[in-house]
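Could you put the whole structure together from the sequences, leaning on the hints where they help?
Keeping their order, the protein sequence lines are chains A and B. Take 613 as the starting number for the first sequence in this note's numbering and just add one per residue. Take 613 as the starting number for the second sequence in this note's numbering and just add one per residue.
If you're looking for bench data, these hints aren't it; they were derived computationally from the structure. Accuracy of the hints is not assured; some may be wrong.
Same chains, same label: a pair holds when it works inside one copy or across any pair of copies.
[Said to hold, decoys possible] Dumping the calculated DSSO-like pairs for lysine-lysine here, alpha-carbon to alpha-carbon at most 30 Å:
hint, residue 1, residue 2
1, Lys911, Lys948
2, Lys764, Lys746
3, Lys685, Lys764
4, Lys740, Lys806
5, Lys868, Lys924
6, Lys845, Lys746
7, Lys815, Lys718
8, Lys642, Lys801
9, Lys685, Lys911
10, Lys764, Lys688
11, Lys845, Lys948
12, Lys800, Lys911
13, Lys740, Lys690
14, Lys806, Lys948
15, Lys688, Lys844
16, Lys844, Lys691
Number of protein chains: 2
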Amino acid sequence: MGAEQLNIPTLDLPRVVIIGGGFAGLKLAKGIDSSLYQTVLIDRNNYHTFQPLMYQVASSGLEPDSIAYPLRKVFKGKKRFHFRMADVIQVDESSKTLQTSIGPIKYDILVIATGADSNFFGMENVKKYSMPMKNLVESLNLRSRILTNFEKALNTTDLSEQEALMSFVIVGGGPTGVELAGALAELKKQILPKDYPDLDIRKMQIHIVEASDRLLANMSETASVKTEKFLKKMDVNVWLGTQVKDYDGKQVITSKHVFNSKTLVWAAGVQGVPPAGLNATIVRGNRILTDEFNKVVEKENVFAIGDVAQIKSDQAPNGHPMLASVAGQQGSKLAKNLNALAKNITMQPFSYADKGTMATIGRNLAVVDLPFFSFSGLFAWLTWMFVHLMLLVDYRSRLVVFVNWAWSYLNYDKGTRLIVRTSEDKSSID
Amino acid sequence: MGAEQLNIPTLDLPRVVIIGGGFAGLKLAKGIDSSLYQTVLIDRNNYHTFQPLMYQVASSGLEPDSIAYPLRKVFKGKKRFHFRMADVIQVDESSKTLQTSIGPIKYDILVIATGADSNFFGMENVKKYSMPMKNLVESLNLRSRILTNFEKALNTTDLSEQEALMSFVIVGGGPTGVELAGALAELKKQILPKDYPDLDIRKMQIHIVEASDRLLANMSETASVKTEKFLKKMDVNVWLGTQVKDYDGKQVITSKHVFNSKTLVWAAGVQGVPPAGLNATIVRGNRILTDEFNKVVEKENVFAIGDVAQIKSDQAPNGHPMLASVAGQQGSKLAKNLNALAKNITMQPFSYADKGTMATIGRNLAVVDLPFFSFSGLFAWLTWMFVHLMLLVDYRSRLVVFVNWAWSYLNYDKGTRLIVRTSEDKSSID
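Right under this line is the structure:
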């Protein structure tokens, strides 16, 4: 009945319902053979987000549409496929039904690809006052905050207030934190002095705070050292071995220093977001434990892929890293396995093929780790750009992003400095 | 004191304060000689909006950054110029001070360039439930509404509800209404059938409702006739001589017909928005009456330009039309006149040079009126595109808009179908 209400036809084929249109869900839905299954994809947004470039939206380098892609367009022409924009409220395993904001949806096979969200490790104040950057709306909020801070800094004669407005503390030395710190440093050098001639932009401080003893801990030692060098050269203050303790919207209290800052960007930790009602084994990082076929342990017809899943495997005893590449590979593999299952062919266990990791710090500056080789500098930067352009979902995005990057590079400019959020002030401490 | 708090230096030069960074305010601020005046420009946004293309943001054709331009960037390098993002609360003429959201700002010469906003002619229900499109945020809201309606239409079996969701009533047959109707017709033809294979897109109805007896009443008779023909060919229902009486969010009651529609786009009327506290003569359309030098009548040091101003002149006894071209020309002329004033040279009265008007209806379809010549069709459409590209403020916007238009034209596609507003549901009647 629920299915009827949503105008999704009931077929003789089994129905796979996928929650989440991120890298994992997208690859899975693409790979499912529509002669074998009916596919229903649910996401709370009508678009897929290319998360690796989100920091460029936050730092005025790109517009949202360049890194987001309408899900309906991805699946144009795919048979027995239905996308629904909805929030999942609860899984009801006994009746094989999802309760959603648009009504109940029946499933035969359920795949959880709900990804990860910020983890504040129980620090309620940090959660309340910091700016996360895990989705497009949060990225636009952060952009508005950064620019609004400078508008406010112009209008105050209170020097401590001005310092706090012009000081940015980024917590987390992973790729997101590093890339955002680099992008802010470029804003500081190239854009803000021209935009705010009435302000002394030297007062702008960019801090990156990392609890462990090196940046980009998932990458090679060489990459970490180079990245720290690049950031310091760009006038970013790097604080290693430093834990954030508390934040009241004005002062960031850490184990080493107290920062006077109105903007704390939280890029320090993520955790899986399993749906409510699922009676599964949840492990560290709030991830759902699965077998090596991504089947949720002790379930028959429920799978989990991507950031929200942790495979019990010898390859990665603590789970694979929460990376777009892992998620994409798991989605593709599960599609093959589900297609095999329908044909009574044996499923293949998942195994991650590491094709390398990379991060960009700024103009001509990036670090790249390939499985047996690391490099950095201009060539790494060109590699980073090429790979990211190719990873974008469609030709139009590639073209628009390329035009924007080429323009910025040639003109030392960032095009999109609009404050478009009216209610951005989550932590308006005035 | 106020000025000091805002970090705007007090100079020996007279200070011109301009409220509003639209076409009029922008041209004025650009033209002011900074050896003669200190200039302060105030706007509630940090960007200038190219209003003629706003309907393309609403109809998923362009992103906001393509038609909005950071004001600080426009004035990069201009001496004795200060931009402040603020709302004006009140004019205090006795102390020559503006009360603003960021504190008081003193002026020697005040220029009001606050433009126009939607006029609902006292229909409170229409104001409450309709979607206006007078700024970027409203345009994004409208885009989200249109796309969300289709998502909702998928999930209902109530046919009357579905009809209301898929029915769009545009009130106002001026350029905004006509161009939006055409853009929606293109969505209906090229995009929506592919995006929503589960919906019968023939159910989508586009109505344009105009109180007078022709579309584009400001243009030639030929243009009106052609436009009506083009729209009908594109499956838009044109209702002339039809007045809107009421709207409850579900039913649009007009003098000729009752429309079952959840989306009423209001493009039927605008009115000036003079600031509070100004003791001036306000005429029809809520405009400030000025002399032929754009000086507010009976004032010495207060001017008004653009949509908010009505010049008492023989050229236009009822005021010039509220057009970007009029506003721009008034801004430029006032800059020259203020520069002249400072040098004790006689000011020149404003006179509008009509360079022609045009509107685009759809692919290869537009109408152009030049002073002594009208044409339509493919060549008019190419002219429209060329002129609008050239009117964009900078090379980057031109490039990005051109890439988007070329892409859409070649691929029968619109790139930016993202629902990015979370709280769009101003009139959520579910």
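Up to 30 Å CA-CA - lysine 844 versus lysine 688, copy category | For lysine 688 and lysine 844, only the inter-copy Cα distance (28 Å) is at most 30 Å; the intra-copy one is 47 Å.
Since the copies are identical, ignore which copy is meant and state whether lysine 764 and lysine 746 lie within 30 Å (CA to CA) inside a copy, between copies, both or neither.
-> both (26 Å within a copy, 26 Å between copies)
Same-copy or cross-copy closeness of lysine 845 to lysine 948 [CA-CA at most 30 Å] = neither (47 Å within a copy, 47 Å between copies)
Have a look at lysine 740 and lysine 690 and pick one of within, between, both or neither, based on CA distance no larger than 30 Å.
-> neither (42 Å within a copy, 40 Å between copies)
Since the copies are identical, ignore which copy is meant and state whether lysine 868 and lysine 924 lie within 30 Å (CA to CA) inside a copy, between copies, both or neither.
-> neither (37 Å within a copy, 68 Å between copies)
Evaluate lysine 845 and lysine 746 at a C-alpha cut-off of 30 Å and name the case that applies: within, between, both or neither.
-> within (28 Å within a copy, 45 Å between copies)
With identical chains treated as interchangeable, where does the CA-CA distance between lysine 685 and lysine 764 reach 30 Å or less: within a copy, between copies, both, or neither?
-> Between copies only: 18 Å across, 41 Å inside.
Have a look at lysine 740 and lysine 806 and pick one of within, between, both or neither, based on CA distance no larger than 30 Å.
-> neither (33 Å within a copy, 42 Å between copies)
Given identical chains, is lysine 642 near lysine 801, meaning Cα to Cα at most 30 Å, within a copy, between copies, both, or neither?
-> Answer is between; shortest inter-copy Cα gap is 26 Å, intra-copy 43 Å.
With 30 Å as the alpha-carbon cut-off, assign the pair lysine 911 and lysine 948 to within, between, both or neither.
-> Cα proximity of lysine 911 and lysine 948: one copy only (19 Å, versus 78 Å across).
Within, between, both or neither: lysine 815, lysine 718 at alpha-carbon 30 Å | For lysine 815 and lysine 718, only the inter-copy Cα distance (28 Å) is at most 30 Å; the intra-copy one is 57 Å.
When no copy is specified for lysine 806 and lysine 948, does a C-alpha distance of 30 Å or less occur within a copy, between copies, both, or neither?
-> between (53 Å within a copy, 26 Å between copies)
In this structure, the hints that do not hold are numbers 4, 5, 9, 11, 12, 13, 16, in rising order.
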